[in-house]
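Starting from two chains that each stand alone, build the complex the way the hints lay out.
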Amino acid sequence: MPFLACILAYALQGRLSSGAVYVSGGVAALLFLITLLLFPQISAVGVLSHRIEWIPQLGLNLTLRMDGLAWLFCVLITLIGLLVVLYARYYMSPKDPVARFYALLLAFMGAMLGLVLSGNIIQLAVFWELTGLVSFLLIGYWYHRGDARDGARMALIVTGMGGLALFVAMLLIGHIVGSYELDDVLASGSTLVDSPLYPVTLILFLLAAFTKSAQFPFQFWLPNAMTAPTPVSAYLHSATMVKAGVFLLTRFWPVMSDSELWFAIVTYTGLATLIFGAAAALFQRDLKGLLAYSTISHLGLITTLLGMGTPLAAVAAIFHIANHATFKASLFMVVGIIDHETGTRDVRKLSGLRRFMPFTATFAIIACGAMAGVPLLNGFLSKEMFFTETAVFNPNAFVNLSLPIGATIAGMLSVAYSIKFVHGVFFGPPPTELDRVPHEPPALMRRPMELLVVVCLAVGIIPGITIGPFLASAVQSVLGADTPYYSLSVWHGFNWPLLMSLLAMLGGVVIYVPYYRRFRDVDGLPFLTRFRGQRIFERLLVNATNKWARSFIELFGTQRLQPQIFIVVLLALLAGVAAGWARMGNLPLPESFDPVLGLVWVLGGVSAIAAAQQARFHRLAAMILMGGAGLATCITFAWLSAPDLALTQLLAEIATTVLILLGLRWLPKRLPVPDDLTLRSRARRARDIGLAVLVGLGAALASYAVMTRGAPTGISEFFLANAYKQGGGTNVVNVMLVDFRGFDTMGEITVLGVVALTVFALLRRFRPAADSADRPEQQRLLDGSAEGQRLADDFLRIPALIMTWLFPVVIAIAIYMLLRGHDLPGGGFIAGIILSLAFILQYMANGTRWVEERLRVLPVLWIGWGLGLAMLTGLGAMALGAPFLTSAFAYAEIPLIGKIPLATALLFDLGVFALVVGATVLMLIALAHQSIRRPKPAGSAKPREREGLAKWN
Amino acid sequence: MELILAAAIGVLAASGVYLILRPRTFQVIIGLSLISYAVNLFILAMGRLRMDAAPILDGANANPADYVDPVPQALVLTAIVIGFAMTALFLVVLLAARGLTGNDHVDGKLD
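Taken in sequence, the protein lines are chains A and B. Taking the numbering used here, I'd label the letters of the first sequence as residues 70 to 1022. Taking the numbering used here, I'd label the letters of the second sequence as residues 22 to 132.
Do not rely on the hints blindly, as some may be mistaken.
Reference listing, derived: stretches of chain B covered by chain A, where coverage requires no fewer than 3 residues with Cβ under 8 Å from a Cβ of chain A [what the hints assert, rightly or not]: (1) 47-54; (2) 59-73; (3) 90-102; (4) 110-121.
Each pair of labels, with its calculated beta carbon distance range [as the list claims (entries may be wrong)]: (5) 129/B - 786/A: 46 to 54 Å; (6) 667/A - 122/B: 38 to 46 Å; (7) 633/A - 64/B: 24 to 32 Å; (8) 878/A - 122/B: 38 to 46 Å; (9) 86/B - 884/A: 34 to 42 Å; (10) 644/A - 128/B: 23 to 31 Å; (11) 355/A - 129/B: 48 to 56 Å; (12) 794/A - 122/B: 53 to 61 Å; (13) 129/B - 823/A: 23 to 31 Å; (14) 122/B - 689/A: 20 to 28 Å; (15) 73/B - 689/A: 36 to 44 Å; (16) 73/B - 647/A: 34 to 42 Å; (17) 64/B - 272/A: 37 to 45 Å.
Keep in mind that the hints were calculated from the coordinates and are not lab data. C-beta: ideal position from N, C-alpha, C; glycine also.
The following block holds chain B by itself, in its conformation from the complex (with noise of 0.2 Å):
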């Protein structure tokens, strides 16, 4: 399981930094969305990978033993959302961009 986990996160991070080293902005924009994923899968396996131990409790028995790890997931909730409004400014930028300079390069102009 974790080595499936690691070579995913290996992979979405590679193509994500493979992507924001082209120059043009859609590359960057799917670039930036896939080293997000491989970024929030990273901060979920800091918890340490368990299945069937949701942080929800059940009723009283609140021992840590029988749960995973919520602070990596509130973190990585908050990033998801994060990533959500950065892709959106950043997709809103571009189009702008795009009007302005006619083109859809990086540095806005063609080389």
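Excised from the complex, chain A in its bound form (with noise of 0.2 Å):
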């Protein structure tokens, strides 16, 4: 299948050098090859396809579905991919970055490949996307230009934001038929149709269709793209990917084509595209904006057709497709090889080339005879068709006199500019304004045009023979039964279109002349170059993106932290009582009354109100009694049965306790200062407490409402009733942590070896403020006194001495709090923060440079370790095929202890302890440390001495 190709482009992208050229070819000459040879499987079975299941369950599948319109879509995407490759060959400069190009271009080639072999309607909108990505990447290739970088925003916008819309009306279709498999949506009939939701999502669908294929009003974006280089704009924006809109309109026609609503729509903005189009074509002086018009106007042209809704103008939109790709794409060409030989595209400067490149003169005359319309050539045909539908009797006066007077404009102003790329461009004296001398261009880089204009010919006089059994096939594709009886021959008689036809050559020349002597010089519509797309474009996106964002930050946003925490607490509040208020009910009345644990929460409860009333100017004293509160919490632990929390609790409780406090030197001083506060401060502090204290409020009768009610049954009596068995401990809580929810705790530690390393890293760069660089107040009045001296050696001798006594004890009692974890209170959290407070003790017993010359702990090994040891440990239970973080248990009988329990879990717990130790203790001389050094105010340049912090680097 194309698909493993198509993989194979994407594969080789990344290695593409200076062999690009030939692997981009030989990619694209290859999928060409393979295209061409499953023909006669399409002709036969009529679709192909393969699927890949991703997920079933939602009916997103990789499907890859072939008919024949996509098989005419792949023959076109590969055929032209193939020849731009070669043109682009000579075309491309060799300072340019080739290799980017031609991946570039190969991933398209992949993405428009992807959306036509899409069996799937997600990965259809997906690969849209893509193609519009790549697009916009090819389109901004050279960007160093502005110009480029201005029309590749533009058209991602305008095409991403179609994207968007496929992406939602694609939803809305699955949504209705009920799967996402392209083979069941164009199977549904009329389900759509008649679905209350059709008219959103046609609106939307065509919003897609519309913003790809340039049509009107979304039609500014494509001579902008014309920024691109020409291969790229000879491929993607006349030949394949504009042609993704109207495909989408194709591959959806049987489905959603049946109504009013589309008629409406899409024949009227086909129809104003198709006449705009061709009169700004006709303005244009540079040629490729020209023909960028020109494909706009072609586009609307399909556009009409698919409108029109009957079998027939579907089978000429087919048709026209493939046409207008073919002369398109060479006229592009052509007008690179142009810009490349005269440096110039500018119509009013070029004239008479046909003396200088007379072959390339010849096909391009020929190419823009088939834009025109001319007989014989494949342009003819369709066209001719297109004439013959709109002349089709409709019983609304408005659409049966609208359509063809309209396509007959149309078809004049087309015949008119071609007349003017011809005439002005190889015709008349010689260009006098050319700063050197035009050539025929090498001959491989006029091969692929020639080619593709050998196939208009082709197409134009035998086209029952070239293209018919291929078109038959992708009619039959969308039209299925109803494929009307259509005649492929250049003569149909003497009849209405071939009135038209002649009506509008005639009145192509005729416009031409008087455009020509006066009209000569003007660049764009003579009325509407105040009203340009692109300007209002510009305008709506710098007052999007810039000014009304601007405005609503300053509307909405604040930088301020306090406004933002307000604004969190009180939606979580609002939140809190909108779910709780109905599920309140009655509140019983308490049960029991415990006069202690109500004594513990009075001197919890003032200990927390005055801790936030001191916090402002005392903050020891703000410290101590939150740790007042602490206590309580605590305290409360251990009450209702949670012996392991409340040793935690109370340990955490000393090691934070000891942090803020090393931490408090560094804060400014801040004297209490006479109450003369502002009303808005006031105001502010009221509106905090009011706030503060709903929130109370809430937490309280939450609390309580849950706490009198029955408890539900949930996994808690799995624990309970396996953690003896399963575990090989009795303390469930430590069992859970090292076993059953084992990896949570990997998780938790890994957290804190993360916090102590930022920790460590953040102090290593500390300057302390201006104001506490010195060394503090107490300190310095100790200074130089015999007294002093005396007072700093004595200084809490006896209390020291136990200290550094106690600590072979604190070790002791840590390493016996982490043997019994598994079966009593403590483990590898209580035995880690144990041991650290041993460390803590020393800090206080013999200050930090003490401690520091005597530490042989390396913190930062112990987080390694210790984390890599909780690692090893689950991961040794996967080496013997258990899940991660199974324990193993056994009792093990030490001489002169007794009995202790052996699980594995004990040591994943080591590990946890490790690490514990490690963070702590790195957190705490890291803090300690600043002591110590010799403080620098910020913004002292020279970098700071770090002798004594080199050791635990």
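Okay, here's the thing in structure tokens:
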């Protein structure tokens, strides 16, 4: 399948360098051949598909589906891709990064093939976006040019918007039909049209198709995309990508087109685009601009055909898609050649090139003839079909008149701009304003263009043989059994369409002659220059992304933390009230009242409130009061059968307090000021108190409501029942931590380790603020005097001695806590913090210098080993075939000590222990070390000394 | 008992919320600690209150009715340690911010 080759193309794009041309040419050729070889199968079977299941439950599969229509597109994509690769070989300057160009071209080819081959509509939307993205990169290929960047951005935004609309439309279609498979959607008959969601779906769907195919009023991005290299314009913006929109319309034509709404929107959008594009093309000075508007106009023609809703019109549309791709790609190549050889694309500077490049001129004239719809060329055939369809009688008088008249006017205009192209460039006197003499390009640069023109001729003269079977297959795939009889012959006899063609030819000449005399130098449509889509778009973009966004931020945003927190808390409160209000029910009166716990919490509550009140000026007091609240919490844990929690809370409390104490010194002095608050800050404080009280009430109510209800049976019983049997421990909480929920603990200790390292890293670059840089006042007072020295020497001498002696005792306690943790309160966390408290004691007893000189613990290593050990224990279980962190256990009899539980969970707990010790000690020494560093205030440029700290790195 | 605990949670939460709305970093750090007490108690309360029923299995007796729910306890244990780490990190960020900006306002500038 082409899918494999497509993968190949993707895989190759990274390695493309000098051989880029050969690789991409080879891939394109290969894909083309594969596509060709698939035709017999397609025409015999109808649909080839290959499905790879991805999320079948959601109906999301990778489905490749090739039918006649997709096949036709594949041929266009691969053939023109091949020719463009060949052409670009000569077009691109060696200075450009060619590898990137070919890589993108291949990526685009892959995306486009994926789009047309999608058998799943979500997949289709994804590839749709992909083509837009790659197109963005290709338009902006010369990204040093401002106009290329602007054009690329505009194309991306417009088509990206359409892509978004498409995605929603596809979801809606999937919802209506009940399947995301294209086969199911196409088989759904009139389900879509009958659905009440049809109008929304249709509008989103059409938005996608119209933006991609540059239909009015989204046409403005295409001319701006012409800043891309010409091979890209030839490939993407005439032959393939812009066809994606009409491809989409064609693809879903069978299931979506049968409605008035479709007819009205699609037909008249197409018609407006057709006439607008043709008129704008006539007033372009830039040849590429002319072709761009002509492309828009032709896409409008195809859209009009698809809008009409008759099967014959659909045939004509498909036919014209193929025809337009051939002649327009070749014309773009001609413009590229002219640009390459003369250095300009301005029609006014060019003339008489017929004499300098006769071959190119001949082929270009033929291609232009096809564009204008001259008989014996392919453009004539499909245009004739178009005229036939517009001339069909319609009961609605407006439709009956507007369609043929509009079509004829557009026909005249297209003849006129074709003449302009040919006459302006190739005829007339030799050019005078060129800085070099033009000549024929290298033969190989011409070949692709020539080949396409030959195709135009072949299709135009002998349509039945050259394109008949392929077109039949494509039409069959869209129309199925309804395929009407149609004739591809050149001569249909003298009838209305022929008359319209003749009229268009004559009219074109009639329009061109006065135009040539009077409007030759006009650039852009005379009356519409002020209403440029581009300018409106730019202004909208600036407003939407800059002005409006900024005023929005000013209106609703703030950089200040306090309002943000206020809003978050308020929202949380409202959400809690909204959720809990109705379920609150009647609250029962309390059954029991425990006076002791009540007393504890009177103290705890007062501490908390006092801490809140004191935190502003009396930091130390606030911290002590916070400790009071913490102790109350701790006692409550112990009270309510949670010994592990009580222990951990107590120890964590101590460690936190020590850390904060170490940090307090670096905060600014703040003396109580007399209460001269402004009204404003008073109001703010009152508001905050109000919110805080509400939150407190809410929390109290919620917890009371929960506590007075029966407990639901959760997963707890499982843990209680299995802690001993499977985990080998009687302390259920610990067993859960190291065994059942070991993975959780693993993550947690990782966090702890990361925090410790962050603390360390932050403090290495620490610079105190200027006013805390000096040694504290209390220390300075002691300096100098003998009295002070004696005081410093004897400070807390006896407690210090005791604390030093306590060191081994505390270590023993830590080990004891660690070992018994599995069966009794204790465990790695608790033991780890206890051990670090041993270090804290040494700091308190002997000072920072003394400890740092003697410290033999390398905290970073402990963190590493701890995490490693925990991880290895888990992996060990995996090596034995059990899930990560499964533990095994046994009891071991150790002489003198007795029976102790030996589970592998103990190893894990040992890892936790090591990490906690490492992390806590690291934070501790990092903070404590600041006090002996010779402080330098912030702003001094000299690098700080780091003698002491280097030891722990 | 429930009433006391509910009131305690309420008071802790209120004091904490008031403090985190204050402009000084130190107030915020104390506020966060108070809030984490409240939250830890609240989580514990989700397992309902029981006395003398610590989830330490007594030999072979594995009757769930004899023990308090261990799940909230395991959660709170984790929460305490993470809370400790958070306070430490916040303290150091506070110090660094103070060193960089020269003040201890939460926005880094006095207004």
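Against the structure, the hints:
1. 47-54: n = 6 at 8 Å, threshold three: holds.
2. 59-73: Per the Cβ count (13), the hint holds.
3. 90-102: holds (count 10)
4. 110-121: holds (count 10)
5. 129/B - 786/A: 46 to 54 Å: For residue 786/A against residue 129/B, whose Cβ atoms are near 51 Å apart, the range 46 to 54 Å holds.
6. 667/A - 122/B: 38 to 46 Å: Roughly 44 Å apart at Cβ, these two residues keep to the hinted range, so it holds.
7. 633/A - 64/B: 24 to 32 Å: Because 26 Å falls inside the window, the suggested range holds.
8. 878/A - 122/B: 38 to 46 Å: Holds - the Cβ-Cβ distance for residue 878/A and residue 122/B, about 44 Å, lies within 38 to 46 Å.
9. 86/B - 884/A: 34 to 42 Å: 35 Å, holds
10. 644/A - 128/B: 23 to 31 Å: Between residue 644/A and residue 128/B, where Cβ atoms are some 26 Å apart, the hint holds.
11. 355/A - 129/B: 48 to 56 Å: 54 Å, holds
12. 794/A - 122/B: 53 to 61 Å: 57 Å, holds
13. 129/B - 823/A: 23 to 31 Å: 24 Å, holds
14. 122/B - 689/A: 20 to 28 Å: Since residue 122/B and residue 689/A have Cβ atoms about 23 Å apart, the given range 20 to 28 Å holds.
15. 73/B - 689/A: 36 to 44 Å: 38 Å, holds
16. 73/B - 647/A: 34 to 42 Å: 39 Å, holds
17. 64/B - 272/A: 37 to 45 Å: For residue 64/B and residue 272/A the Cβ distance comes to about 51 Å; the hint is violated.
Of the numbered hints listed earlier, the single one contradicted by the structure is hint 17.
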